[in-house]
Amino acid sequence: MNRTNQIYLLKRIVTATVSLFIVSTAVFAITQILPGNAATVILGNEATEEAVKEIEAQLGLNRPLWQQYIDYMIGLLTLNFGISLTSQQPVMSMVWPRFIRTLQLAMVTMGMTVITAIPLGVIAAKERDSKIDYLITTSTYLGMSVPSFVTATLLLLVFTTGPFGFLPSGGYTPISQNVIEWLQRIFLPALSLTVIVMAYVLRQTRSSMIETLESKYIRTARLKGVGESKVLFNHALRNGLLPTVTVLAINFGWLMGAVVIVEEIFRYPGIGELIVIAIRNRDLPVIQAGVLIPSAAFIFANLTADIVYTWLDPRITMGDQ
Amino acid sequence: MTTKENNWRANRQFWTQKALNLVFANPKVTIGLAIIAPTIVLSIIGSEFTSHGPLETNPADRLQGPSGQYLLGTDHLGRDILSRIFLGARTTLLIGFGSTALAVLLGVPIGLIAGYFKGTTDEILMRIMDIVMSIPTLLLGLLILVALSSSTTNLIMAIGIVFTPRLARVTRSVTLSESKQSYVLAAKARGESHLYIMFREILPNVTSPIVIESSTRVGYAIMVGASLSFLGLGSGPPYPDWGYMVSVAREHMYSSPWILLWPCLALLLVIMATNILGDGLKDALDEKNFQ
Amino acid sequence: MTQSDINNTILEVENINVEFSVPDGTVQALRDVSVSLDKGETLGIAGESGSGKSTLALAIVQYLDSNGHVSDGSIRFKGRDILNASKDELRSIRGGEIAHVAQRPSQALNPSLTIGEQISESIRLHQDIDSSDDARERTIEVLDQVNIPDPAEMSERYPHELSGGQQQRAMLAIGLSCNPDLLILDEPTTGLDVTTQAKFLDLIQDLKSEYNTAILLITHNLGVISEIADRVNVLYAGKMVEKGPVKEVFSNPANPYTQALLATTPELGVDKELRPIPGRIPDLDNIPDGCIFADRCDYATEKCETGSIRMETVSERDGHESRCLHWETAISDPIEAEESAAPSHTPGEDVLSAEKLKKYYDVGGVIQNRFFDHQPVQAVSDVSLTIRESETVGLVGESGCGKSTLGRTLLKLHDTTDGSIEFRHQELSGLNKEQLQQFRSECQIIFQDPEASLNPNKTIEEIIERPLKLFTENPPEERQQRITELIEQMNLGREIRSKYPHELSGGQQQRVAIARAFAANPSLIVLDEPVASLDVSVQASILNLLNELRDEYGTSYLLISHDLSVIESICDRVAVMYLGEIIETGTTSEIFAPPYHPYTRSLLRSIPTLDPTEDIAQIRLDGDVPSARDPPSGCSFHTRCPKKIGDICETEDPQLESVGDTDNSHCISCHLDQDQIESPLDMVANPEM
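Chains as they are written, first to last, in the numbering used here: chain H, 1 to 321; chain X, 1001 to 1291; chain A, 2001 to 2689.
Please note that a few of the clues may not be correct.
What the hints assert, rightly or not - Here are the simulated EDC-like pairs of lysine to aspartate or glutamate, each with C-alpha atoms no more than 20 angstroms apart in a straight line:
| # | chain 1 | residue 1 | chain 2 | residue 2 |
| --- | --- | --- | --- | --- |
| 1 | A | Lys2644 | A | Glu2614 |
| 2 | H | Lys230 | A | Asp2088 |
| 3 | X | Lys1118 | A | Glu2614 |
| 4 | A | Lys2208 | A | Glu2097 |
| 5 | A | Lys2247 | A | Glu2614 |
| 6 | A | Lys2412 | A | Asp2362 |
| 7 | X | Lys1188 | A | Asp2449 |
| 8 | X | Lys1028 | H | Asp129 |
I should point out that these hints are in silico values taken from the structure, not numbers from a laboratory.
Here the structure is a predicted model, which is why all the values come from computation and not from measurement.
So here's chain H without its partners, still in its complex pose (with noise of 0.2 angstroms):
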């Protein structure tokens, strides 16, 4: 690696860092206007004004904001958010293991996204034009104009009732406990994502792949005489994938938002289901923690892609123009 590249990546943790500071900031300034207080959540809404003014006291919210900001910004360096408003639990025991397990759900779409929709990218550039390209482009058009709400209902419906319904209809099971099991929960949220983000990665990868063929260095290469396949795999293969790895990074941002449906309809023990009943109860702290992590590896998969791009291109594509 060379000295421009360590710079630039230098600069990249960098940025990725600051981005994360203000992310959090941000996060911290929506959940201050959002409506109706800690207190009333807790106390409910014919609390005494004397009873809120002691739980607000007993919580630190009478504090200046800017006191509160720091505490906020000192918990989340130490990875401390906080105690739920409704459960009284620390935050991160409540958050931590369910970002796992949709962490888990994510993974095994992103796994199932790369095994099909690259190969078959691949096969519609390389077969540009023909019905088996037709087929492929003209059926993700459905993957990207269908809600994850939509194809999780659906999915629901047909695979856990009925003449298909050999599968669960939802619930987690450990994967130290059960692998089948697992697979067998997992399978139904992961499948709803993947039907999305799989159209989303084969249009990439059929046209970043297409572009590639079409390119001078490779008709430099077949007018060396190399053959059809060593063309595809020696030459195209690496240059016409790079676009790819960025998409799946954006993707895993996307993912991060769209458990939330697919955990609801799912009743999968996720980060995404325990957003919306924190959202339900207005416990700030869940919400903000809830946004936070996934946020934060939204960033960390986009820095994580830089990093394998330049890695992947000699070419010092990504530096300063």
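Got chain H sorted already, so can you dock chains X and A onto it with the hints?
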């Protein structure tokens, strides 16, 4: 002056021709418009032609399948689903187009400014955009809506804000490459004002990518809007959009899957139409650029 | 010669037609084209853009775009029918027996494979070399053959880590790696600087004498053909118009198109009035009857416009043929460039002058400068230059020397890093808004790519009217009148007014850009490579137009160009730039005659001439231009200078000093003393040889 007038007329003819060419240039554009245009019309006047109004409840006829009387059946309160689909189209399309328009209005100037001035201005603006983008779409929408309280207007605001960085990014990248063209430098050498260069010289030449991006955004906005509304953060009763209709239908999906299917299909059809349209526009406009 | 059993003939292309189907019909890119090539022979295919020369190359290797095909004729390579070859046969021919070296190596090399990998792949495919050590050995051998320094280390590099000239050599190495029988070079030097081009051509010459490879050289540059080809075929609009030995065709052209092409090409040291070719190349989807060149030809008669015109034999012995009914008249009364009238303008007051001007790019932020040894790009350093009234000053140098940056900085399109610019004795940085507007109206700029310099969304009328609106207070009627006047002056048709830029040809676009620049009567125009992207026949007409306009308006020009012959043809004074510095200035005649700066000398000696018989001593520069981020100490040219005298060149930066005895107009920055500079460099170069 007659030349002026001729010029204007030639200009108008040029643009009409350009628009007409665009509609028929590419079968995808034609297909997309053939679905979206009637949907818009039906969303406005469709419920006038159904046998029952969208808000008319007939408890006796609840949860019926499609029949001559109720073409698509009825929901759990015995309301006519077809006429409710028409009504729902109104909110759904409003969210799709409204939020995209907002994103264009905010994002395009940001992108123009960043791409034209470059340097620190660019760095600051795009950093902010990156940060907005680093919060997953649905979560940010959720957060904004919870802060603003749920209503159709707020839904449009939330999605508009969430999509602004996308429009800004696209505009910035084409503005950056366009600023390198020597006609921009020529304008600077003439001493034109920054505003003139940005909006009169550059903007007309970057409309294609902006149009392409916004047309795909419309479908995506409908999707996000429906999702948020599905979570109960939309307009809600009595003026439902399709996302809300799906979430209500879910309670009865095992007994009468029909009421679930119709809004799902409607969503799929409209979003697909916008995607096909966007794709077609991309093909058509890209071809033009190559000429 | 239809028999391919004549052992010597390697390639025979007979009467091929190539068609491309496009949405509105068929483009007949090549019609009735025949080419034959012997072992060890170099055949040049000359033609302007749209002539179909690259299509010919791709047809030979059967790699036309999917919408194109050879519709008629035959292509035989070593007696084998290429058009009906099986896929496997083609695969072994491509790369193994016919090597195609594509233009633009930066796009034609795979960015994610090392140079070595790309060469050894070809070796393993076509030669009986299986072990990777042997392949590696051969790779290094080939890289050495194409004069790549330190081949073992270079083979580990990726394409982007090589300079343009090295990339082109690497492309050539891929081609040579399997000792092909036929080497196709498609515009091999386009995009290279003259000094790099000269070295590449030397290399081809060496290879020619060393191996028996037949070379098909495709280029628009007649000088390149004159320098290395044995025979030449001239293509025009998909038809072969003349073929024969290079010497014969260049000295005795028998086709009006070839004559016109030669007459329109500027030549170094030849004082000629450039003759533009009127009209433009016809559309290939609707081919007129008769001679394809008839509508632009001085000799054309009615007979030329009907029937099919055949190749006529000019000289049986030489194989010189011309596709022209009037070739005999053309030979006896050829189109020739006349001597140009001496420029008759006297420079006046100073218009624009720069003093110790510096322009650095990518200066970097506090963090970069503090924590990394960040270096700015020193695009322009310590340049002083004066442009006087109605004077044309040429600024010449190779790509990256900072000439365009200097031009733009002078017009205040960039901020200056240091130094001063004065416009009519007024410091630019001190201008108020009104004065700045005045400055803008008086100083205009014209760019290299005319299409990019016109807003694609505005009509020609709107484009020309804009400066009139900005800089004059004329009412609309007067503005319209002025537009009409300008359009006429530029030799553009009236119908052009309501058109959009993309509807015009490159030459017309550049005329519109010139009209816009002249609209408000400027006193200075910066011409930034104004003809570099135009075909040579159009170049001449633009240069002539610029000359006329200068005489009429009394405008001053700063002409920026990499092309010394363009500079020579219209400039009064010239400044030569190298790595951000002016290293020699003087009147045009002073620059193009001794004494020279060693760099100017090698530039002049790098340009291939149109005269194939001329054999001048060559000066070749070592290595590549150093990075402008980290220019060499002392004299910036010392790393490549063939006349470097010692340590002083590395430590002390020479100043521009007068070498003439008259009026201080000729200045050179070099440590050599007057006598050393004056002695013709080429005679003392390399005394060991």
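Hints versus structure:
no., hint, in the structure
1, Lys2644(A) x Glu2614(A), "28 angstroms, violated"
2, Lys230(H) x Asp2088(A), "14 angstroms, holds"
3, Lys1118(X) x Glu2614(A), "52 angstroms, violated"
4, Lys2208(A) x Glu2097(A), "16 angstroms, holds"
5, Lys2247(A) x Glu2614(A), "10 angstroms, holds"
6, Lys2412(A) x Asp2362(A), "18 angstroms, holds"
7, Lys1188(X) x Asp2449(A), "17 angstroms, holds"
8, Lys1028(X) x Asp129(H), "15 angstroms, holds"
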